[in-house]
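The listed protein sequences derive, respectively, from chains X and Y.
In terms of this note's numbering, the first sequence opens at residue 1 and continues consecutively.
In terms of this note's numbering, the second sequence opens at residue 1001 and continues consecutively.
Don't take every hint at face value.
Stated by the list, open to error - Distance condition first, Cα-Cα at most 30 Å in a straight line; then the derived DSBU-like pairs of lysine-lysine:
1. Y:Lys-1190 / X:Lys-307
2. X:Lys-347 / Y:Lys-1350
3. X:Lys-298 / X:Lys-347
4. Y:Lys-1347 / X:Lys-347
5. Y:Lys-1188 / X:Lys-347
6. Y:Lys-1303 / Y:Lys-1467
Unchecked claim - Not close to chain Y: a few residues of chain X, all C-beta gaps over 12 Å, as computed:
7. Arg-6
8. Arg-21
9. Thr-137
10. Asn-183
11. Lys-298
12. Ile-362
13. Met-411
14. Lys-432
15. Lys-467
Since the hints were derived computationally from the structure, they do not count as laboratory data.
Every residue, glycine too, gets a C-beta built ideally from N, C-alpha and C.
Number of protein chains: 2
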Amino acid sequence: MSNTNRVNQDLLNRIPGYESRKAYEAPFANVPADRLSGLNTGNIKDEVRRDKTTASLREAIEKCEIKDGMTISFHHHFRAGDKLLMQVVDILAEMGVKNLRIAASSLTSAHSGLVEHIQNGVVDRIETSGIRGRLATAISEGLLGDKPAVIRSHGGRARAITSGDVHIDVAFVAASSADCMGNANGVKGKSICGSLGYAKVDAAHADKVVVVTDTIVPYPNFPQSIPQTQVDYVAVVEEIGDSKGIMSGATRFTSNPKELLMAKRVVEVMKASPYFKDGFSMQTGSGGASLAVTRFVKDEVIKRGIKLSYALGGITAPMVDLLESDLVDQLFDVQCFDLTAAESIGKNEKHVEVSADFYASIGNKSAAVNKLDFVILSALEIDTDFNVNVISGSDGVIRAASGGHSDTAAMANMSILVAPLTRGRLSTIIDKVTTVVTPGSTVDVVVTDYGVTVNPGRQDLMECFKKAGLPLITMEELRAMATRLVGTPKELEFTDEVVAVVEYRDGSIIDVIKKLKK
Amino acid sequence: MSNTNRVNQDLLNRIPGYESRKAYEAPFANVPADRLSGLNTGNIKDEVRRDKTTASLREAIEKCEIKDGMTISFHHHFRAGDKLLMQVVDILAEMGVKNLRIAASSLTSAHSGLVEHIQNGVVDRIETSGIRGRLATAISEGLLGDKPAVIRSHGGRARAITSGDVHIDVAFVAASSADCMGNANGVKGKSICGSLGYAKVDAAHADKVVVVTDTIVPYPNFPQSIPQTQVDYVAVVEEIGDSKGIMSGATRFTSNPKELLMAKRVVEVMKASPYFKDGFSMQTGSGGASLAVTRFVKDEVIKRGIKLSYALGGITAPMVDLLESDLVDQLFDVQCFDLTAAESIGKNEKHVEVSADFYASIGNKSAAVNKLDFVILSALEIDTDFNVNVISGSDGVIRAASGGHSDTAAMANMSILVAPLTRGRLSTIIDKVTTVVTPGSTVDVVVTDYGVTVNPGRQDLMECFKKAGLPLITMEELRAMATRLVGTPKELEFTDEVVAVVEYRDGSIIDVIKKLKK
């Protein structure tokens, strides 16, 4: 009844550049197309735009119209406690969908069931930071055939997604709580996981986004780790994950005397460097010794009366303790490594959730890793060229994760690798690592239980450490020591079949993992 | 010295799909291109990625390599107090750049100097939500020639940017504080403006982003309204804006009895509707009566023992009072309309900064406006078809802003227009509004000092209001009343020259503004 037809084609033709523009018709007559994505994203005044909840996870999946060959993404904030990925793939299998690509921020022991879904053709490609357990073994044995798994660092994955190298058709977000419009976080609800840092990248770039939760809260949910602007459907399930699972894997707290010794040595190295001063920043990886470092750093900054500017990474209880002791200005948290961290991020505004893009990507205009002074990292193997392997075991079988290893090593002022010289009958220091994840030119210092080894490219640090009287040992001496202790390992024999491709953070291929000869 | 050449072309050729991929060379050898934007965005380990501050604003501008014909964007959170836009355009004029397009979230009296820059060819296109003062008059008189100004709603502008309809070459962000990497906000520093909601959209989508501040803080700045991941350069200037300027324009608090009467009537209308119940949401626009509504709503929700879920929009002191009185769960704030709001958003986590995209865009998967129960809006003119003009005066001259008017009217369960029937010798209710900004089909109720007028399309509301005994008056009766009071205005005479195009929120053209006959 209202008359608003002020504009017609004749008028548009008279304005230069407006010949092909549309005249207004009615408030919701025109669903605007997105020139960048090609999608019709118009949110019109229909029911789904006022309440996006679906009757079931299956209904949400059906509405997404997932077709053979599409890419679906997941995040691993629940780690071994994740209960979403297998639910979704099971439903897609029931629906008869085939040849899916799983783009996960990482895969854990919770995802062994993918083996069967690969065997039956539901899934044919895997892209992830890490793979563990039965799935890792099966992939190492050639499960994926001529479509090798793609291993990316956390920053590299973010870069691949934001740049369009990896196009996600449907992203699934396991959210501890969500409202009916999809505003979601990991800090409220019956199963908390803390930061949703990896999921933030997926949700911002996927064609469709399904938020799955076991705790629906009134609108508007707060905080909005995932904003409603990015969410198509909200599905409620019995349980999205087991919060206890986030403690699994390499996040245990050490009481191992050797690890504690190495942790103390790491802090000596930090102190002897030019970077240990008021306002420094650090990240510790997972792994016993590297976590203990944070405890010893605390003692030292108190002694000196200084403070950290920020701590980064997967965040752990010792980091939260630093924040609560007012010894660090902020925590940047892409993933909570324990429940203490998951609880802290929900209540302390200086415990800041950041996306994997903000954390570590080389594809944006600067990431948090760019300002790192120290990163303390663990390793499965380090070779005499300082190259590091964190993905495959010395048996050649995939067993761990790339994580933020290469991202932080590349950007920190000082990257410190900490590892025992030997583990059982195996040496950590070898001639050639089984798989290169982090290139040796980005590794500055290696701390073992046998001394401190400095990359010859860092003569500046060598000088500092000499002055401080640290127990320096060259890589060659270290290698010789290992040989004396455990001998020379038998070289692995591989076939030509590539079972996984390791991408460096910039998208170049740094190594491949091949199938072992039987 | 390190040997990481595990991968060569021969190996890549043997992996299906990897034939044209790059092998790793060195940590920073490969600057990855962005497939989506076509830009090389790799942040490598150079100085600018560890400290983005430039020696001067001019240096930052020079580094952006702004060329003739490019689009530069600005936001208007400092409103009449903005000091950045003119500084930037003055420098670009000195540098000899021509034919720039200014994509501003709005323009105020602070930008009259653009008149000369248009006359001398530095600027040739203007896209904005509003234009005021000398610039508005000059554009109404044909200053822009055959390139009419483009008027968009706040949601429409966000849609145009996120969809790629408007491509921003360089976005300038006036930030109250920033660190050396570009993390920026509007809540710390010597000149605060509060929310940076419009700038968030620009920074996320521009090719290059310059953060300009008068307050540099240590890294990492918090909160990160604009994250470092989006920022190319940080420039420090004497003063970015005058905080007092944000109070200017249509944000004064009323003591006008007629406005207070209308505000009370608006609340009566709200109460008589089905939407005034626990958990309702609302937005008030700027304008005296519409601001006073919030005060009266407060009394009513206290009386009923209910609470709002969220309040939206340009946020004002009465809204902050609701939040601090625990009568609303959250404020969603795209722009602070006064200093009380600007201070609140810096300290109250439930006072949430949202982008213009989150606020009101039709181009995402749902905006905050989608869940609005009530929006209270002002008007310069309303016609008998309920169409609303908020951009041009009854003299046909541009003088105000589209704002979130059409976005909220389209999506709220009940849009309430509040305006006095007459202003001096002019009637607000006329036969045909000078310019249609908000289509009548999205206007539900008109409250004037002469009664309550319901859109015939909302018989449901008519029933409610009759039951409640509200003073109902039809649009025709209202129009007749206005004629009796002030007569029929002389019709304006326009030429065929289009001086401005009014886009509806979906990108269609809803009206044009033509040049007046002398």
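We went through each hint and held it up to the structure:
1. Distance restraint check for Lys-1190 (chain Y) and Lys-307 (chain X): the Cα-Cα separation of roughly 25 Å lies within the 30 Å cut-off, and the hinted pair is therefore satisfied.
2. For the given pair, Lys-347 (chain X) sits about 12 Å from Lys-1350 (chain Y) by alpha-carbon distance, which is consistent with the 30 Å threshold.
3. Of the pairs offered as hints, the one joining Lys-298 (chain X) and Lys-347 (chain X) holds, with about 22 Å between alpha carbons and a cut-off of 30 Å not exceeded.
4. Proposed proximity of Lys-1347 (chain Y) and Lys-347 (chain X) is supported: the alpha carbons are some 14 Å apart, at most 30 Å.
5. Proximity of Lys-1188 (chain Y) to Lys-347 (chain X) is assessed by CA-CA distance (about 22 Å); at most 30 Å being required, the pair is judged to hold.
6. Pair hint Lys-1303 (chain Y) plus Lys-1467 (chain Y) holds up; C-alpha atoms about 21 Å apart against a cutoff of 30 Å.
7. Against chain Y, the non-interface label of Arg-6 (chain X) is violated: not every CB pair exceeds 12 Å, the least being about 4 Å.
8. With a cut of 12 Å on Cβ distances, Arg-21 (chain X) falls inside the contact zone with chain Y, its closest approach being about 6 Å.
9. Listed as outside the interface, Thr-137 (chain X) is consistent with that label: its C-beta sits roughly 21 Å from the nearest C-beta of chain Y, beyond the 12 Å cut-off.
10. With a least CB separation of 10 Å from chain Y, Asn-183 (chain X) falls inside the 12 Å interface cut-off, contrary to its annotation.
11. With a minimum CB-CB distance of about 20 Å to chain Y, Lys-298 (chain X) clears the 12 Å threshold, and the non-interface call stands.
12. The Cβ of Ile-362 (chain X) does not lie farther than 12 Å from every Cβ of chain Y; its closest approach is about 5 Å, which violates its non-interface assignment.
13. The beta carbon of Met-411 (chain X) is not kept farther than 12 Å from every beta carbon of chain Y, the shortest such distance being approximately 6 Å.
14. In this structure Lys-432 (chain X) is not separated from chain Y by more than 12 Å, as the shortest Cβ-Cβ distance comes to only about 8 Å.
15. For Lys-467 (chain X), the non-interface assignment is confirmed: its Cβ lies about 24 Å from the closest Cβ of chain Y, beyond the 12 Å cut-off.
Of the hints listed earlier, those the structure fails to meet are numbers 7, 8, 10, 12, 13 and 14, in rising order.
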